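With these hints in hand, go ahead and build the complete structure from the sequences.
If you read the protein sequences in the order shown, they are chains U and B. Note that the numbering used here numbers the first sequence so that position 307 is 307, with each residue one more than the last. Note that the numbering used here numbers the second sequence so that position 343 is 693, with each residue one more than the last.
Certain hints may be false.
Said to hold, decoys possible - Stretch by stretch, here's where chain B covers chain U in the computed footprint (C-beta under 8 Å, at least three residues):
1. 97 to 110
2. 177 to 184
3. 224 to 230
To be verified - Pairs of lysine-lysine residues, derived as DSS-like cross-links and limited to a Cα-Cα distance of at most 27 Å, are as follows:
4. U:Lys22 / B:Lys794
5. B:Lys943 / U:Lys325
6. B:Lys610 / B:Lys600
7. B:Lys923 / U:Lys325
These are calculated hints, taken from the structure and not from any lab test. If you're wondering where the values come from, they're calculated on a predicted model, not measured in any experiment. Glycine included, every Cβ here is placed at the ideal spot set by N, Cα and C.
Residue-level listing of the chains:
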Amino acid sequence: MTYIKPKFRHPALSKNVLGYEKQDYEGAISTLCGGCGHDSISGAIVQACFELNIEPHRLAKLSGIGCSSKTPTYFLSNSHGFNSVHGRMPSVATGAILANRNLIYLGVSGDGDTASIGMGQFVHAIRRNLNMTYIVMNNGCYGLTKGQDSATTDIGSISKSGAANQLHPIDLVGMAIELGASFVARSFSGDRTQLIPLIKAALSHKGFAFIDVVSPCVTFNNNFGSTKSYDYVRAHVEATATVDYIPEKEEITVEYGAGKTANVELHDGSVIQLHKLSPDWNPLDRRSALRRLHNAQAKGEILTGLVYVNPQGQDLHDHLKTTEKPLNALREKELDPGQAALEAINAEHR
Amino acid sequence: MQHLTGTNDFVVRFANVNGTGSASANDLFSKAIFRMGIPVTAKNIFPSNIQGLPTWFEVRISEKGYLGRRDGIDIMVCVNPQSMAKDVKAVKSGGYFIYDSTKPLHKEYIREDLHYIGIPMTEICNQHFQDPRVRQLLKNIVYVGGLATLLEIEEAVLKGIIADQFKKKEKLIAPNFKALELGMQYVKDHYAYPLDLKVERRDLVGDKIVIDGNTACGLGAIYGGATVAAWYPITPSTSLVQAFEKYANKLRIDPETGRKNFAVVQAEDELAAIGMVIGAAWNGARAFTATSGPGVSLMNEFLGLAYFAEIPTVLVDVQRGGPSTGMPTRTQQSDITLAAYASHGDTKHVLLFPSNPKECFDLMADALDLADRLQTPIIVMTDLDLGMNDHLSPPFAWDENRKYDIGKVLSANDLEKMEVFGRYLDSDGDGIPYRTIPGTHPTKGSYFTRGTSRDEYAKYTEEGAPYVRNMQRLLKKWETAKTLVPKPEFYQTNNESPYGLIFFGTTTYAALEAMDMLEAEGMAMDAMRVLAFPFQESVREFIEQHEKIFVIEQNRDAQFRSLLISELEINPKQLIKILNYDGFPITADFIQKEILSKIEPVVIKNNGMVH
Numbered sequence: 001m002t003y004i005k006p007k008f009r010h011p012a013l014s015k016n017v018l019g020y021e022k023q024d025y026e027g028a029i030s031t032l033c034g035g036c037g038h039d040s041i042s043g044a045i046v047q048a049c050f051e052l053n054i055e056p057h058r059l060a061k062l063s064g065i066g067c068s069s070k071t072p073t074y075f076l077s078n079s080h081g082f083n084s085v086h087g088r089m090p091s092v093a094t095g096a097i098l099a100n101r102n103l104i105y106l107g108v109s110g111d112g113d114t115a116s117i118g119m120g121q122f123v124h125a126i127r128r129n130l131n132m133t134y135i136v137m138n139n140g141c142y143g144l145t146k147g148q149d150s151a152t153t154d155i156g157s158i159s160k161s162g163a164a165n166q167l168h169p170i171d172l173v174g175m176a177i178e179l180g181a182s183f184v185a186r187s188f189s190g191d192r193t194q195l196i197p198l199i200k201a202a203l204s205h206k207g208f209a210f211i212d213v214v215s216p217c218v219t220f221n222n223n224f225g226s227t228k229s230y231d232y233v234r235a236h237v238e239a240t241a242t243v244d245y246i247p248e249k250e251e252i253t254v255e256y257g258a259g260k261t262a263n264v265e266l267h268d269g270s271v272i273q274l275h276k277l278s279p280d281w282n283p284l285d286r287r288s289a290l291r292r293l294h295n296a297q298a299k300g301e302i303l304t305g306l307v308y309v310n311p312q313g314q315d316l317h318d319h320l321k322t323t324e325k326p327l328n329a330l331r332e333k334e335l336d337p338g339q340a341a342l343e344a345i346n347a348e349h350r
Numbered sequence: 351m352q353h354l355t356g357t358n359d360f361v362v363r364f365a366n367v368n369g370t371g372s373a374s375a376n377d378l379f380s381k382a383i384f385r386m387g388i389p390v391t392a393k394n395i396f397p398s399n400i401q402g403l404p405t406w407f408e409v410r411i412s413e414k415g416y417l418g419r420r421d422g423i424d425i426m427v428c429v430n431p432q433s434m435a436k437d438v439k440a441v442k443s444g445g446y447f448i449y450d451s452t453k454p455l456h457k458e459y460i461r462e463d464l465h466y467i468g469i470p471m472t473e474i475c476n477q478h479f480q481d482p483r484v485r486q487l488l489k490n491i492v493y494v495g496g497l498a499t500l501l502e503i504e505e506a507v508l509k510g511i512i513a514d515q516f517k518k519k520e521k522l523i524a525p526n527f528k529a530l531e532l533g534m535q536y537v538k539d540h541y542a543y544p545l546d547l548k549v550e551r552r553d554l555v556g557d558k559i560v561i562d563g564n565t566a567c568g569l570g571a572i573y574g575g576a577t578v579a580a581w582y583p584i585t586p587s588t589s590l591v592q593a594f595e596k597y598a599n600k601l602r603i604d605p606e607t608g609r610k611n612f613a614v615v616q617a618e619d620e621l622a623a624i625g626m627v628i629g630a631a632w633n634g635a636r637a638f639t640a641t642s643g644p645g646v647s648l649m650n651e652f653l654g655l656a657y658f659a660e661i662p663t664v665l666v667d668v669q670r671g672g673p674s675t676g677m678p679t680r681t682q683q684s685d686i687t688l689a690a691y692a693s694h695g696d697t698k699h700v701l702l703f704p705s706n707p708k709e710c711f712d713l714m715a716d717a718l719d720l721a722d723r724l725q726t727p728i729i730v731m732t733d734l735d736l737g738m739n740d741h742l743s744p745p746f747a748w749d750e751n752r753k754y755d756i757g758k759v760l761s762a763n764d765l766e767k768m769e770v771f772g773r774y775l776d777s778d779g780d781g782i783p784y785r786t787i788p789g790t791h792p793t794k795g796s797y798f799t800r801g802t803s804r805d806e807y808a809k810y811t812e813e814g815a816p817y818v819r820n821m822q823r824l825l826k827k828w829e830t831a832k833t834l835v836p837k838p839e840f841y842q843t844n845n846e847s848p849y850g851l852i853f854f855g856t857t858t859y860a861a862l863e864a865m866d867m868l869e870a871e872g873m874a875m876d877a878m879r880v881l882a883f884p885f886q887e888s889v890r891e892f893i894e895q896h897e898k899i900f901v902i903e904q905n906r907d908a909q910f911r912s913l914l915i916s917e918l919e920i921n922p923k924q925l926i927k928i929l930n931y932d933g934f935p936i937t938a939d940f941i942q943k944e945i946l947s948k949i950e951p952v953v954i955k956n957n958g959m960v961h
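Shown next as structure tokens:
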């Protein structure tokens with residue numbers, strides 16, 4: 001196996017509106033195990049950013065620690081990246097977002113990084129409605145330390161060692177909706193046609209966009225009896241609806257039967273089009289979304305697709321009333337109150 | 351009976367119940383002394399509680415300008431029955447005990463060697479005021495009035511302060527004046543006045559201000575250009591970020607849009623607080639957090655990341671009594687080792703040690719420059735005494751031509767001209783590499799920040815050689831830091847004594863006073879105040895030029911001394927420990943006594959004297 005990516009590019013490769021080729025959104029060669037679900041997600045991120053015409057340097061990618069958190073090396077090499085400490089990516093992302101509100105922020109985490117060590121920071125990132133996309137590559141185990149159960153491992157799921165998990169799993173999707181996340185979706189690393197438009201919609205959403213992506217660990221959790229194996233997920237997956245992401249400038253051409261389609265307009269004017277809607281679910285209503293999720297759970301289905309969205313939320317900068325200009329671009333002119341103001345403060349203290 | 355006598359040189363302690371509004375009355379008292387031109391220092395000794403427990407306020411008045419705590423209480427104003435037994439015992443022989451005489455004083459509180467001055471504060475207030483809450487608050491003003499007559503504090507000065515205080519609530523001025531006058535009149539009617547202890551107007555404070563160190567740090571952060579503050583509430587640091595926010599809301603509002611040129615986020619814990627600072631600084635904003643020892647413990651992991659990934663990080667540690675929850679409302683200098691080597695692996699951090707509010711302001715602004723210049727954590731080490739008590743301080747000043755030193759940050763133009771960008775290349779030989787801010791250039795300058803080992807081009811590696819090169823470069827940067835951090839202050843032109851004193855931070859007040867006391871006994875000693883870690887060569891030279899060095903600090907384990915020994919490879923026998931760690935600010939009497947006991951043990955033994 002080679003670790004060098006060829007620079008050669010086929011002259012006929014298509015470019016996006018900005019003139020970038022898809023390769024411009026790629027990163028270093030992955031060192032994850034062959035067949036790892038995470039690599040498919042990285043590929044979907046590359047495709048989504050390419051199709052969305054994102055300038056690579058206008059995106060910052062952040063992660064914690066674990067197999068999932070290694071992936072930012074494998075996409076968007078022209079973007080700044082920050083592989084921080086275990087479970088603490090949300091706080092680093094919060095600071096970065098405070099410093100420059102004009103970049104696009106993509107956080108990548110895993111089920112250990114988010115649902116265990118990083119649970120505290122994850123829930124507070126949701127509360128603050130940080131303007132970022134937060135992807136959990138959820139394989140139900142600790143891959144990098146050789147397959148221990150995680151907090152998202154289902155009851156009865158059998159690990160490679162043969163033991164069945166006894167503890168109740170944390171459902172990150174249900175929790176994110178409960179906590180007020182403004183965009184909540186689940187997908188499956190093996191379903192690119194669903195995942196790519198979801199990532200595009202998440203990156204376009206203003207506020208905290210959460211995607212829980214079930215991503216089988218081929219080495220430690222793809223065995224018979226595991227509920228996060230490729231076979232199990234494929235057999236139990238159930239989509240809320242099919243998702244199309246339509247950029248602002250494109251005309252909506254596909255029409256579906258009445259009552260079966262919903263268009264959700266995002267903050268930037270782009271549209272998420274959902275079709276083949278189930279009749280008892282409204283993606284703009286939290287209670288309805290939770291009901292849909294619980295119904296699927298009761299039936300033993302893994303519900304994927306967009307589950308809930310609120311396109312009109314206020315993000316952290318709105319709450320803090322920070323200036324439009326990024327804080328990291330402010331200098332003495334805007335920041336230095338001057339000696340006269342200081343003299344007045346001195347006088348207050350005499 | 352003996353009378354304590356003296357002008358502008360005594361200590362008054364107020365014993366109150368917390369949550370009863372005594373703080374503003376006590377502030378009124380100490381501010382009046384200040385406005386009469388007399389150096390004064392006040393210490394608030396308070397419990398970790400909101401209402402109902404004993405709290406003390408200690409005011410030292412010193413014509414000579416000594417601002418440390420002093421042993422012994424000359425006048426006790428006791429309005430708290432809970433603590434009265436202890437409070438009676440605390441007064442110096444011949445001193446005064448002022449109390450609420452609405453109810454007679456219990457016999458057990460009578461000491462033959464004290465002067466008792468009863469003022470029926472509750473009764474006076476019940477007679478003249480209707481509202482129960484107002485009665486409670488004005489009781490405190492009544493005793494200030496009593497003290498005004500006893501000590502000859504100028505009435506006009508007191509009234510001026512009250513008028514300033516209630517500028518926006520004018521209705522409250524008249525009842526406060528009345529309570530003050532009632533207290534004054536009661537003393538005039540019942541006691542001989544003034545006492546032999548009194549104050550007299552002087553012109554000794556000049557343009558000085560009275561302010562606490564936390565406010566000073568918050569203002570320093572504003573002037574130093576901080577735009578992001580992330581924090582988690584913890585005594586005694588809470589008021590620091592609150593001061594930043596208060597003044598930023600006045601001084602940092604965009605005039606056109608009314609929007610804020612800053613962001614303050616109350617984090618979910620200290621881990622998140624420093625994570626936010628690191629994220630903001632990585633992304634090119636000036637950011638800081640403030641905490642106390644328990645918070646620094648939690649921040650250890652992130653401090654290691656900031657050290658190793660080289661991210662400017664400013665942290666203020668307002669130290670309190672440890673370990674664990676320790677004495678959360680008492681002062682100590684006991685986080686020295688924790689802060690200097692915070693985090694696992696080989697880490698060390700730049701520490702700054704301000705000793706008064708002016709230095710808090712200056713060093714806080716400097717810390718933001720140093721962090722950007724050195725791309726590493728800078729920890730400003732204050733303490734509860736400095737942070738939460740008002741101190742007489744030189745006024746703050748700001749050079750309007752001063753520019754922020756944002757250090758080695760590459761612009762799009764710089765990158766355009768470069769062949770290759772190596773985030774961790776030491777191109778200048780000072781150990782400090784160049785960095786880029788996300789979003790700067792479409793194709794150049796992006797890199798991956800990580801806490802794992804990497805080569806000069808920020809590429810992940812587990813090879814030994816590039817790891818060692820990187821660790822060596824960090825040491826070189828440490829050497830560079832020595833040239834940038836503030837130099838020690840010396841109190842003599844030439845070293846003349848075989849003995850030297852080393853101290854830092856709030857120990858300075860008491861140490862300087864102790865030096866005067868020692869000199870008066872014919873034992874002048876040389877002294878050095880350290881303002882920063884890493885230690886410069888001049889610190890070593892000072893130690894080497896003395897036979898014995900007394901290292902004065904406020905912790906049990908002589909942490910600063912250990913730092914000197916390990917970093918400068920000093921013979922431990924040369925450094926003598928002078929340690930105070932009972933939670934109260936160290937006093938000059940204590941320092942003098944300890945030093946004398948350690949240099950002349952034989953003399954003390956022979957004459958049986960206790961110094």
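Okay, the hints, checked on the actual structure:
1. 97 to 110: holds (count 6)
2. 177 to 184: It is violated, with 0 qualifying residues against the three required.
3. 224 to 230: violated (count 0)
4. U:Lys22 / B:Lys794: Holds, at roughly 18 Å.
5. B:Lys943 / U:Lys325: 59 Å, violated
6. B:Lys610 / B:Lys600: Status holds; Cα separation ~10 Å.
7. B:Lys923 / U:Lys325: 58 Å, violated
Against the hints set out earlier in the document, violations occur for numbers 2, 3, 5, 7.
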